[in-house]
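Asker: Protein chains in written order, with the working numbering: chain A, 44 to 229; chain B, 1219 to 1565; chain C, 13 to 497.
These aren't lab readings, by the way, just hints derived from the structure by calculation. Owing to the predicted nature of the structure, the values given are computational and were not obtained by experimental measurement. Idealized CB from N, CA, C, for every residue including glycine. Careful, some of the hints might be misleading.
Cβ-Cβ distance ranges computed for the label pairs, FRET-style [to be verified]:
1) A:Pro147 - C:Pro337: 52 to 62 Å
2) A:Ala77 - B:Arg1281: 25 to 35 Å
3) A:Gly133 - C:Arg457: 43 to 53 Å
4) B:Arg1281 - A:Glu81: 17 to 27 Å
5) C:Ala137 - A:Pro198: 45 to 55 Å
6) C:Gly414 - B:Gly1530: 33 to 43 Å
In silico contact screen, one side only, chain C against chain A (beta carbon under 7 Å); selected entries [what the hints assert, rightly or not]:
7) Lys447
8) Ala460
9) Arg464
10) Tyr467
11) Arg470
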Amino acid sequence: MTELAAFVLLLTFAGAALFANRVAAKQAELVERARLIERIDRILPQTQCRRCTFAGCRPYATAIADGAADINQCPPGGDATAAALAALLGRAPKPVDPRFGTMPSIPMVAWIDEPACIGCTKCIQACPVDAIVGAPRHMHTVIAAECTGCELCIPPCPVDCIVMRPAHELVTETTHPSALLDAVAS
Amino acid sequence: MQFPTSPPPHVVAPNTVGRVMRIVIYALLPTIVAHVLFFGPGLLVQSALAVATALAAEALALRLRGKPLAFYLGDGTAIVTALLLALCLPPLAPWWLVVSGTAFAILLAKHAFGGVGMNLFNPAMVGYAVLLVSFPAQLLSWLPPHALDIQTAELSFAQTAATIFTGRLPEALAWDAITSPTPLDALKTNLALGMTMQEALANPLFGGLGGRGWEWVNLATLIGGIALLMLRIIRWHIPVAMLGSLALCATIMYAVDPGTYPGPLFHLTSGASLLGAFFIATDPVSAATSDRGRLIYASGIGVLTYIIRTWGGYPDGVAFAVLLMNFAVPLIDRYTIPRIYGHAERP
Amino acid sequence: MQTAVRARGGLRLEAHKERSTRDPIATAAPPAHAVLTLDQHAGERAVPIVAVGERVALGQPIARPSTLVSAWLHAPIAGEVVAIEPRPAANHGGAPALSIVIANDGSDARHRERAIEDFTALAPAELRQWIGRAGIVGLGGAGFPTVAKLASAAEREHLALLINGAECEPYISCDEMLMRERADEVVLGARILMHALEARECVIALEDNAPQAQQAMQAALTRAGDERLRLTQVAAIYPAGGERQLIAAVFGKEVPHDGLPRDIGVLCHNVATAAAVARWVARGEPLVSRIVTITGAGVAHARNLDVRIGTPIAQLIEECGGYTPRITRLLMGGTMMGAALATDEAAVIKTTNCIVAASARDLEPRQPEMPCIRCGNCAEVCPAFLLPQQLHLNAQALDLAGLERYGLMDCIECGCCDYVCPSQIPLVERFRQAKPHLAAHLRARAAAQAARQRYESRIARLQRLEAEQRQRLEEKRRLARRKDS
Chain A
44 MTELAAFVLL LTFAGAALFA NRVAAKQAEL VERARLIERI DRILPQTQCR RCTFAGCRPY
104 ATAIADGAAD INQCPPGGDA TAAALAALLG RAPKPVDPRF GTMPSIPMVA WIDEPACIGC
164 TKCIQACPVD AIVGAPRHMH TVIAAECTGC ELCIPPCPVD CIVMRPAHEL VTETTHPSAL
224 LDAVAS
Chain B
1219 MQFPTSPPPH VVAPNTVGRV MRIVIYALLP TIVAHVLFFG PGLLVQSALA VATALAAEAL
1279 ALRLRGKPLA FYLGDGTAIV TALLLALCLP PLAPWWLVVS GTAFAILLAK HAFGGVGMNL
1339 FNPAMVGYAV LLVSFPAQLL SWLPPHALDI QTAELSFAQT AATIFTGRLP EALAWDAITS
1399 PTPLDALKTN LALGMTMQEA LANPLFGGLG GRGWEWVNLA TLIGGIALLM LRIIRWHIPV
1459 AMLGSLALCA TIMYAVDPGT YPGPLFHLTS GASLLGAFFI ATDPVSAATS DRGRLIYASG
1519 IGVLTYIIRT WGGYPDGVAF AVLLMNFAVP LIDRYTIPRI YGHAERP
Chain C
13 MQTAVRARGG LRLEAHKERS TRDPIATAAP PAHAVLTLDQ HAGERAVPIV AVGERVALGQ
73 PIARPSTLVS AWLHAPIAGE VVAIEPRPAA NHGGAPALSI VIANDGSDAR HRERAIEDFT
133 ALAPAELRQW IGRAGIVGLG GAGFPTVAKL ASAAEREHLA LLINGAECEP YISCDEMLMR
193 ERADEVVLGA RILMHALEAR ECVIALEDNA PQAQQAMQAA LTRAGDERLR LTQVAAIYPA
253 GGERQLIAAV FGKEVPHDGL PRDIGVLCHN VATAAAVARW VARGEPLVSR IVTITGAGVA
313 HARNLDVRIG TPIAQLIEEC GGYTPRITRL LMGGTMMGAA LATDEAAVIK TTNCIVAASA
373 RDLEPRQPEM PCIRCGNCAE VCPAFLLPQQ LHLNAQALDL AGLERYGLMD CIECGCCDYV
433 CPSQIPLVER FRQAKPHLAA HLRARAAAQA ARQRYESRIA RLQRLEAEQR QRLEEKRRLA
493 RRKDS
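Chain A extracted, bound-state conformation (with noise of 0.2 Å):
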């Protein structure tokens, strides 16, 4: 008699966790997209390079969360970050599209021929992280360690001044995570 109690209990119990739940949940709906993207947005790499044909790593996670894109589009994150993202959407893994484009076997960063820059500010504006300094007419230099090495500097120079160089020629240990990830790898 007491078991059944119990038990009638604990279903009527579970049925109103359920039901209260399924009402958050629609009321949460917007809250809840959100706080999707911004999970999505803390696996991507913030590379903020494009490849993924969107304007940066958040439009991007806004349009996976939207189911506008696929999670495998994302060359600078590669198969890991593929995977953390098929991880959180519950989703079968898969391997990078190439078609989005590869990544060079070590962390890059842009490099300005300071000498070549006739100060165009061109890149300044292409930059998506403020990583590059520098005034009109004036030479302008890369700051190594907060360079993603997303390659979005390089087609606007009028002059093709900037190359990409490896991150651990430029950035000291200290500074630069990449580096130091190359450095362990090795």
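Guided by the hints, dock chains B and C onto chain A, whose structure is given.
Answerer: What follows is chains B and C alone, placed relative to chain A:
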């Protein structure tokens, strides 16, 4: 002058898994002696069979897995598993029971999961559970303790061994005449038959605390367990939490209806309560690993043991309680990570 | 004197200090050649300011700090700089590192520095700066430049100074002997540091297994008559002398995992560091010598020596009667955290507190490794309250998320878990191998978050600029329209 180098620390305590297991085996000796005194030499035969089977199965598994034989055979973990399983079996159980149970424990519960340190479930309890669900009749027919006046015959060592190996009793003895249920079993059956607690406990199987003879075996186990605590082989969390929660459940239900539910002392001194609390649940490999986790883990075992004993289909519930809580260990471990120095909160 | 306090976790270990504390501190002969490694302190390498062939006097600066976290080096002997080249370095386990080599001319001609008679006459900031000139680093073993430590806590109010005399590692006895024989120096150093920090109180902590040191320190405190200083005993449980453990035991407060002791109003200096500060301020002697314990069954006569920095370890062993045939290994530091040296050609550095010429009896070699049986002995002794058994599991799989959750970066590598492990797993070594991976992962994540912030603030800025521009355009159009009409 040149010297070889090595990473620090340069000293380690002279403690090994082998030493830990040896101490556990020594701590089981009081239980074994008490058991033999009250239930005859059957346990000795069962233990020998179990240990031999365990070592053979361990050797086979190590061979198949390509691991060094002598190194792992010497760690004593298989012997502890074998002894614990033998202690759970009726003294006159047929030989194939202990052999198949031990082989199952070592081959499947231990080595299929990756050998020592990797098993999710307590191997001895897996072996016991498999036997219990497969051969309940053989597992539940115990001998009455020697202290009892109802004792009809005392088997010699040779007779015992012969019985175990042939499955036939010596001439002029019938199975019905010499076997009896365990006190937990008897109580359960009699209460189910509609007897009151007083009537059920009037059976000569029951003594002052729990079952006669069993009280003494459990006391011997307590001595071994306290020795393990003092030698710091185990810590207090698991025994205290398991016995505490079992006693708590028993006290509450006893307070509700003393006519139907036996008191806490009966539960603590019956069946495998103490063996479970000090020797089985404390198996570190399959237990939770933080102090708080161990408290939760062992409390769960205590509660489940009480539930299975009182409402379940089997007279004792320690084995199933341990296995069920083994399931919960990864979850418990995940949520009982202790606070780290310098951190305000637990991770 | 109250009863001994203690922190959680840790191990009672045999101290092994009797042999080396039998004799008083002896002064070792100055070496024929002093070898000074340029990176013998924590932080950045020092930069030589002498050239090969230059003559230097005892106590003359020979290398300057390169950054804020770096230290001066002074000539420990008078003579000629004969080389600046890689030499076997004790802080690299005997592997070569860039060093200045000075040949002794035997004169011990001193480079005169001013001695300050009344340190209270100096402003604290001035005093701190002056202490920075002495090349003093944390002599307990960490080697962190003292001036940088002082600077980290400068201008903080109500600071408590903790002088660490809790020499918890087995075999090391140099701090105990220092307190027994030079207690006044320690107390004076503590008072100077208090003035430099404007500290409100000073606690000198030592272990409860050093009664003679305690008596000597108590007497020195009575002589000094400074009410702001007091002695405290901590239980001799390794690693009681670990900075964070000692602070927890003495003040009952924990240092935040991502912070420094100064964040809870404490600054901790070793007793030998305090004594070095006293010698510099009161007598103008920079850090050119230190007390080193030479012990272990592999050396004939264990004792404590007052040694010039840069003296080859082989020479110290000679002064202690040479090796015994039982020698098997050479350790710098104690047996728990000390580093094994490949060669005795390496020279004493500022942080060399102890040389253990170890015999097989001093070492307890590891048995073959077994799988972890999750016994939890390691968690019971861990002074950082970690679960080494779970860390080990995650380190094996190099599961970075797991390693972070279980607090790998909070491991102080004290070796307690290693010591008690029945499976004989080299846990500390495993953790040290895993740490760079996790550190790189954490840094990469921090860098990604920083890039994200810059990206987001850039987007916000561009939107703001666009809005402003649109507004200006609107304004212009309105003006144009008004003109037209």
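Asker: Determine for every hint whether it applies to the structure shown.
Answerer: The hints, checked one at a time:
| no. | hint | in the structure |
| --- | --- | --- |
| 1 | A:Pro147 - C:Pro337: 52 to 62 Å | holds (58 Å) |
| 2 | A:Ala77 - B:Arg1281: 25 to 35 Å | violated (58 Å) |
| 3 | A:Gly133 - C:Arg457: 43 to 53 Å | violated (23 Å) |
| 4 | B:Arg1281 - A:Glu81: 17 to 27 Å | violated (54 Å) |
| 5 | C:Ala137 - A:Pro198: 45 to 55 Å | holds (53 Å) |
| 6 | C:Gly414 - B:Gly1530: 33 to 43 Å | holds (37 Å) |
| 7 | Lys447 | violated (10 Å) |
| 8 | Ala460 | holds (4 Å) |
| 9 | Arg464 | holds (4 Å) |
| 10 | Tyr467 | holds (5 Å) |
| 11 | Arg470 | holds (5 Å) |
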